[in-house]
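Between the sequences and the hints, there should be enough to build the whole structure, so can you do that?
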Amino acid sequence: MSISMRPSQALRLWQQVMLAQVRDGAPDLTMRQTAILFTIYLDPPPHTVRGLAAKLNVTKPVITRALDTMGALKLVSRHRDELDKRNVLIRRTVEGALFVERFGDGIVARAHDLPI
1 MSISMRPSQA
11 LRLWQQVMLA
21 QVRDGAPDLT
31 MRQTAILFTI
41 YLDPPPHTVR
51 GLAAKLNVTK
61 PVITRALDTM
71 GALKLVSRHR
81 DELDKRNVLI
91 RRTVEGALFV
101 ERFGDGIVAR
111 AHDLPI
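All residue numbers for the sequence shown refer to UniProt numbering, where the first residue is 1 and numbers rise by one.
Hints are computed from structural coordinates only; laboratory data are not their basis.
As a list, the in silico DSBU-like pairs of lysine-lysine whose alpha-carbon atoms are at most 30 angstroms apart: (1) 85 - 74; (2) 74 - 55; (3) 55 - 85; (4) 60 - 74.
Simulated restraints on C-beta separations: (5) 28 - 85: 29 to 39 angstroms; (6) 71 - 9: 27 to 37 angstroms; (7) 82 - 104: 29 to 39 angstroms; (8) 5 - 95: 27 to 37 angstroms; (9) 85 - 8: 47 to 57 angstroms; (10) 72 - 109: 23 to 33 angstroms.
On a predicted model such as this, the values are computed, not experimentally measured, just so you know.
By construction, the Cβ of each residue, glycine as well, lies at the ideal position given by its N, Cα and C atoms.
Here is the structure:
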């Protein structure tokens, strides 16, 4: 399904989604953390620190700091790769899946409210 939106409508939608997140008391993620989280949940696994860093064109420490925050919020978990101990695998959690699903639901709900 394709939709057509003016830039001002797209920005209004983004604003409304962000306002809803703040009002609902959702975890306060940075844009970078949100991009990492969505990559973990929307792209097929496995996900590694190295792979996420390459995909987002950032350093591994940047990914590690973001994962520290998201891990504390139980949105993701990290485990050593049993086949290659140098790799850290990033896993989805129930809490993270619910967060992402609610975020998507919020986008859909706010999109329905956009003026034509």
